[in-house]
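K.L.:
One-letter residues, chain by chain:
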Amino acid sequence: MQLTINGKPEELQADTIMDVLKHKDVDPHMVAVELNTQIVERDQLETTNVRAGDKIEFLFYMGGGA
Amino acid sequence: MSFSDEQITRYSRHILLPEVGGKGQKKIAQAKVFVVGAGGLGSPVALYLAAAGVGTIGLIDSDVVDRSNLQRQVLHHTPDVGRSKVQSAKEKIFLLNPDVTVETYEDRFTASNAMDYIAPYDVVIDGVDTFPAKFLINDACYFAGKPLIHGGILRFEGRVFSIVPKQSACYRCIFNHPPPPGLVPSCQEAGIIGVVAGIIGTIQATEALKLILGIGDPLTDRILDFDARKTVFREIKTKRNPRCPLCGDHPDITELFEHEHEACQLQTPGAFGIS
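Protein chains in written order, with numbering that gives the first Met the number 0: chain W, 0 to 65; chain F, 0 to 274.
These aren't lab readings, by the way, just hints derived from the structure by calculation.
You may find that some hints are simply not true.
Derived SDA-like pairs (lysine to any residue); straight-line CA-CA distance at most 20 Å [stated by the list, open to error]:
no., chain 1, residue 1, chain 2, residue 2
1, F, Lys236, W, Phe57
2, W, Lys54, W, Met0
3, F, Lys238, W, Met0
4, W, Lys54, F, Gly181
Simulated restraints, written as ranges between beta carbons of each label pair [said to hold, decoys possible]:
no., chain 1, residue 1, chain 2, residue 2, range
5, F, Gly20, W, Asn35, 37 to 45 Å
6, F, Gly190, W, Asp24, 21 to 29 Å
7, W, Glu9, F, Phe93, 49 to 57 Å
8, W, Glu10, F, Glu257, 43 to 51 Å
Each residue gets a CB set at the ideal place from its N, CA and C atoms; glycine is no exception.
All chains, full assembly: derive it from the sequences and hints.
P.N.:
Written as structure tokens, this is what we have:
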């Protein structure tokens, strides 16, 4: 199934957002996840399904400034 | 207010712009901007806003200049090592543009003083380097109804986005709460290429000026991420989150508080940055 992950098209097999995170080896605590511009809450990562063509963004925390 | 001949010359390249003109320059001269942190982001923000003629710049920072700051904190020079950051900043801003009133606060920005500090200002800039402080600034600006220009930097990457409370997505709409302690490194732990602070800070200053002038499209409901290794900017569209604990439909956060400061240790140093 084709998904767009952080702006790049990728081919991978996944049922849920959590599957995508695991596939990309991303710790769910490290990111905010957006599915088609809508934030997916952490408690819904395992129950939110992905479909071909979905756009997924992993926003990593960036806490520096000084 | 009217400008002197010297001021007209100083701001002539602004006044030439149809979107600014004399009227816009007056708006800039009357504006008050509060910069939290006189460091990596605060330096370019304060310098460019001062050069632009922003009437009042408030600066809060409790730190003194450390030699390791000089690689990116361009407000501070070698002889300033050991001196108060806000005093050092005030002197540089005065040399650059004596028109600017600089209010300095050698203090920590906390849940108990945040509302008082930001109250007199029109726009707030996030130039802090801890998650608890970033969430506190977001929450305070929401309660005070002040526009906030968020900035974040780490290693070769940076992020900017603007928040107009109750109108656009806030920091908590996206991130909800800080990461678990120790999971995400700080610049002190992980490093930062100095110029990224300049790139992100100057975008923050640009967004502040646009808000003051009321021109263009603000960087709201869009997160702008920059990766210096690839020289790529990426815009991530976003929107207000009905489940946001601060500005959502059923908020849990009804007053200011501070998240606990993270422990300074890393658990997963290699897991940052997806490509």
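K.L.:
Work down the list of hints and note, for each, if the structure agrees.
P.N.:
Evaluation of the provided hints:
{"no.": "1", "hint": "F:Lys236 with W:Phe57", "verdict": "holds, 12 Å"}
{"no.": "2", "hint": "W:Lys54 with W:Met0", "verdict": "holds, 12 Å"}
{"no.": "3", "hint": "F:Lys238 with W:Met0", "verdict": "violated, 26 Å"}
{"no.": "4", "hint": "W:Lys54 with F:Gly181", "verdict": "violated, 29 Å"}
{"no.": "5", "hint": "F:Gly20 with W:Asn35: 37 to 45 Å", "verdict": "holds, 41 Å"}
{"no.": "6", "hint": "F:Gly190 with W:Asp24: 21 to 29 Å", "verdict": "holds, 22 Å"}
{"no.": "7", "hint": "W:Glu9 with F:Phe93: 49 to 57 Å", "verdict": "holds, 53 Å"}
{"no.": "8", "hint": "W:Glu10 with F:Glu257: 43 to 51 Å", "verdict": "holds, 44 Å"}
Taken one by one, the earlier hints fail for this structure at numbers 3 and 4, listed in ascending order.
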